[in-house]
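Participant: The lines below spell out each chain.
There are 2 protein chains.
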Amino acid sequence: MVKTCVLFIQFVEAIVVLVRQTSHLRVTRALRPIFLVDCRYCGAVRRNLRQIFQSLPPFIDILLLLLFFMVIFAILGFCLFSANSADPYFSTLENSIVSLFVLLTTANFPDVMMPAYSKNRWSCIFFIVYLSIELYFIMNLLLAVVFDTFNGVEKMKFKSLLLHKRSAVEHGFQLLVSRQRPDGVCLKQFDGLMRFYRPRMNARDRFLTFKALNHSGATMLSLQDFYKFYEVIGLKWKARRSGEYWFDDLPRTAFLIFKGLQDLVVAINGIWILVETNMLIVYGTEVLLKITGLGPLTYFSSGWNLFDFSVTVFAFLGLIALAFDMEPFYFILVLRPFQLLRLFKIKQRYRNVLDTMFELFPRMASLGLTLIIFYYSFAIVGMEFFADVVYPNCCNTSRVADSYRQKNVTIGNRTMLEEGYYYLNNFNNILSSFVTLFELTVVNNWYITMEGVTSQTTHWSRLYFMTFYIVTMVVMTIIVAFILDAFVFRMNYSRKNREPMTEISNTENVVCVIDEMGIVFETEMSQTEALQTLDLYKHTLGVTNLSSLQDMCVTLERSGHSSLVFLGRRSRTKSDLSMKMYEEEIQEWYEEYSRTNLQPDETFHRELDSPEASATNSIN
Amino acid sequence: MVKTCVLFIQFVEAIVVLVRQTSHLRVTRALRPIFLVDCRYCGAVRRNLRQIFQSLPPFIDILLLLLFFMVIFAILGFCLFSANSADPYFSTLENSIVSLFVLLTTANFPDVMMPAYSKNRWSCIFFIVYLSIELYFIMNLLLAVVFDTFNGVEKMKFKSLLLHKRSAVEHGFQLLVSRQRPDGVCLKQFDGLMRFYRPRMNARDRFLTFKALNHSGATMLSLQDFYKFYEVIGLKWKARRSGEYWFDDLPRTAFLIFKGLQDLVVAINGIWILVETNMLIVYGTEVLLKITGLGPLTYFSSGWNLFDFSVTVFAFLGLIALAFDMEPFYFILVLRPFQLLRLFKIKQRYRNVLDTMFELFPRMASLGLTLIIFYYSFAIVGMEFFADVVYPNCCNTSRVADSYRQKNVTIGNRTMLEEGYYYLNNFNNILSSFVTLFELTVVNNWYITMEGVTSQTTHWSRLYFMTFYIVTMVVMTIIVAFILDAFVFRMNYSRKNREPMTEISNTENVVCVIDEMGIVFETEMSQTEALQTLDLYKHTLGVTNLSSLQDMCVTLERSGHSSLVFLGRRSRTKSDLSMKMYEEEIQEWYEEYSRTNLQPDETFHRELDSPEASATNSIN
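Chains A and B supply the protein sequences, listed in that same order. Going by the working numbering, the first residue of the first sequence is number 12, and it counts up by one from there. Going by the working numbering, the first residue of the second sequence is number 12, and it counts up by one from there.
Next comes chain A alone, as it looks inside the complex (with noise of 0.2 Å):
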């Protein structure tokens, strides 16, 4: 709708450009992100827009209540101050109305109180109360409305998509299973399922993920056990090797150096603690004998483990960089004081705050782009609108005029280049442009650009800027709300879960921990299993690639030992959290949902039909 809109728009726009034969201001430029929203990679940024979208309804009554309160106050302003000709921020009724916006975001505050406040000390009661109400407390209460929009869209997006999921999981569930045997899935056409749902997925892992599916031990899936499809889906399977150490394969001399090397590691890590500088060269045989403990493939697994190291070689190329007296990699000399990040670690509340910003970080990255778009549209129109119109020395009818100012003052016999700099923020192009609307959205001294460009174009101008807060206020608000939302439930999760390691699931078959680096699913496969699963695949299935089940057949036998504990891993996802946080509720939601026997849309069915009906097909 909205694109075949804006489609239109530009269509008629061509059409006119071209009867008129002239160029005329191309404010329809600012449509254009509209196209880029919608192509695929910008998933995320269509979502928050959707939030955004949301959450305006409540935000714009409260934005009302704020704008009432402002008219009432302007006109008692106007009626109290406009006597006094030294104020000129309530000579007029719309100046009155103008200061009284810019001083609800406080940038001037407290010059518009001065003149007043000169004249009488009483009346800065008056901006007192003013700031107390709006600023302090319907502000406050926009970011409550706001937080709680949000916390309520999280939760339903959470439920609809649980739902979704299983209804989903029962569909498949129906589809799998054959007519003599209506409540099991066998691997078989578990293994067929696979094969159409992860073309890449190894033998091997495809019958692990069946085991970890398989909570009773029986020789079929139950609806059940089928329920838990999409949290083994993604786990990563991995041998444990039967020591603890990774180097247990090499030969038995090499084996002691690392394991001498693990122990040192230990110890290293304990006396680190203690020493406080930022001692390069410790830290760097660190991160050098931690790499040939663990392993490199576990070191860098690990968040942390990474920022370490990275961390550890840019100083490694400062120290370089120094002693070369390098001049363009002298940059990384200064970010040497980020190795103190360092000894934030040791804290649990800096581990979380640091979690949660690598946590937060895709979606932030998400938000900043849509932001983005937003400044991308204002920056055109305000190119159109305000190309060149502030330079040096301009704007000397205006109250800002001295913030804009270049001129050689003389004093003593130095003659020096007085600066007001503001000409700099300016809309004469895209990289200034951006710049500029960024420091709007600072707020601080935001009225100077505003009047300054007012002042060299018409009052409308104003709107402009207003309008452009206003906006920058409901997607700051969310983004406010978004990281207050993402922490608050973490520190409760995290509450929650006081121990280290909590233990999900254990049955005979799969034990299912989850410990600091995710979520671990355990089992056991022993030859046998592996014989008589390769026999199956190779003759009745009719599957060709099998080299991971023969690699371990192979490793099995090497070895001298009966079975190999895999283990299945991934990081633990927001879903998991609102598994744990909602438990109660999910509960509710699935009685409410078996109760109303809730039918997925049509499309949403007809899509999985195709490949598992052919899946089912080509097994029978």
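The set of hints was computed from the structure by calculation and includes no laboratory data. There could be a bad hint or two in this list.
Identical copies carry no separate label here, and so any pair may be met within one copy or between two of them.
List of simulated lysine-lysine pairs, DSS-like, C-alpha gap at most 25 Å [said to hold, decoys possible]:
1) Lys-239 / Lys-591
2) Lys-130 / Lys-418
3) Lys-591 / Lys-170
4) Lys-176 / Lys-239
5) Lys-591 / Lys-166
Keep in mind it's a predicted model, so treat the numbers as computed, not measured.
Starting from the known structure of chain A, arrange chain B on it as the hints suggest.
Facilitator: Positioned in the frame of chain A, the structure of chain B alone reads:
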């Protein structure tokens, strides 16, 4: 402890003054509020202070993170920008740190960026990254952490209060039951308790309270009944008139007139929404009609009606002021736009917002008082150190000289006074100090005051301003968290109770509902019951003041009804909301409590013991 220390310090100071026989810096005056806080009426302020101290440890953790990043960026900024001689903000490491501290509050943005930006356009990245990390991420984390702690503290407070009440009820029950009937409290004992617990309650209300507790309708209260003690103790009882209107008791003609008026109110209410201009006459008539229609007591018991009433009265006063041209009452006229506020009554969300506002008001007032106490301490210190240091045309050596300038400028043939006004932001007396501190709280341009004072004193003055900033940041964050918590809580609550009237319980004896005015218990008292009770009181218990019961019997006889329905009302408190919100957790807490069989601490026990023991004695 703290009080003793302060007393000791003041004592030492007094001795020093006596020995030296000269005046000195009287900084210890700043400690005086401690004695003020410790009085009986400052309970709320003490609670706030406790909450602030409880939030401090996590707050300080995040603050350290904030300062850490600040120092790193200060070093980085110093390395990058100190080469530029036109940039006074990063000329030394100290300037660099101060500039970035001020930038944290955005007060010097974008000025702090401008010199570097004019030299190299890419230097804006430094500032954008700094602000994104510090202002938009860590500052929000600060809020999240405080909000989280706040939430937890509120819940714990509620829990401990609830369990203490439960234990009190259990002990009271143990003391009240007699040996013969160990599983129930009869009216005799209950009445004895009430006469000690609420000496000013009349006999009728005591009996009604007993009936409200007595859900089962038996002659004795079980422990289960008795648990509701604190819920019914605050009820105000009033007989519901057999008819619907308060004027039923009036003669017939008057009744008809009032009934007509009542209908008129409803009709006018309907019209009123259509009429959107502020027709004072309509409002006035509406208020009058409502008062006569509903009766003055019912009318004024609603906050909204009170609000309507005061707005209308103010508007009338304004009209009178206008008519008689009374100068001193002119301010009332400008309050007239506030009448528009009544438009906000219509929408549910605004009702929620304004209800939250009314509910928050007492606690906001106590938070404001806490803030004023902090202000006072800082004002005293400021007055000791900075009194009379700023005056017109001072500070010519600093960057902010312009703001303190006051000189005559001749433009054309007019001589104008150019004023910087900032010399008004001083610490010369306590009122000016308060206004200055408020300006520092709002933070915009606070560095002008700081730099002005610093240029007239020493560099160490900055410490005062920075400390003040951090202290107000703590208090302000708590205010934000508080508003957020209260509002989100209220929204959740009203979402859980969509229906305007929720029935809590409905036994044959007592009906308990929540309507928009509060909690209402409804119970019926028959004539026989009243006479029996009167008899019991008179002969068995020897209570003398029975006028309330006798009055009721007379009313019953006169009206010819066989029974009267009584309504017990109280307003909804935070505790009621919490009871509803934590419903499930409360069950867990009770179970845990009965498992551990928590003993209330001894003092508490003893306190409870004495009056009740004597009450029991006097009964038996």
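Participant: If a hint holds in the structure, say so; if it doesn't, say that too.
Facilitator: Checked hints:
1. In the homo-oligomer, the alpha carbons of Lys-239 and Lys-591 lie at most 25 Å apart inside one protomer (14 Å), although the nearest pairing across protomers, at 34 Å, exceeds that limit.
2. Only between protomers do Lys-130 and Lys-418 lie at most 25 Å apart by alpha-carbon distance; the minimum there is 17 Å, versus 33 Å within a single protomer.
3. For the identical chains of this complex, Lys-591 and Lys-170 are neighbours both inside a copy (13 Å) and across copies (23 Å), given an alpha-carbon limit of 25 Å.
4. Proximity of Lys-176 and Lys-239 under a CA criterion of 25 Å is satisfied intra-copy only: 10 Å inside one chain copy versus 45 Å between copies.
5. In this assembly of identical chains, the alpha carbons of Lys-591 and Lys-166 lie at most 25 Å apart whether taken from the same copy (13 Å) or from different copies (20 Å).
The earlier numbered hints are all upheld by this structure, with none contradicted.
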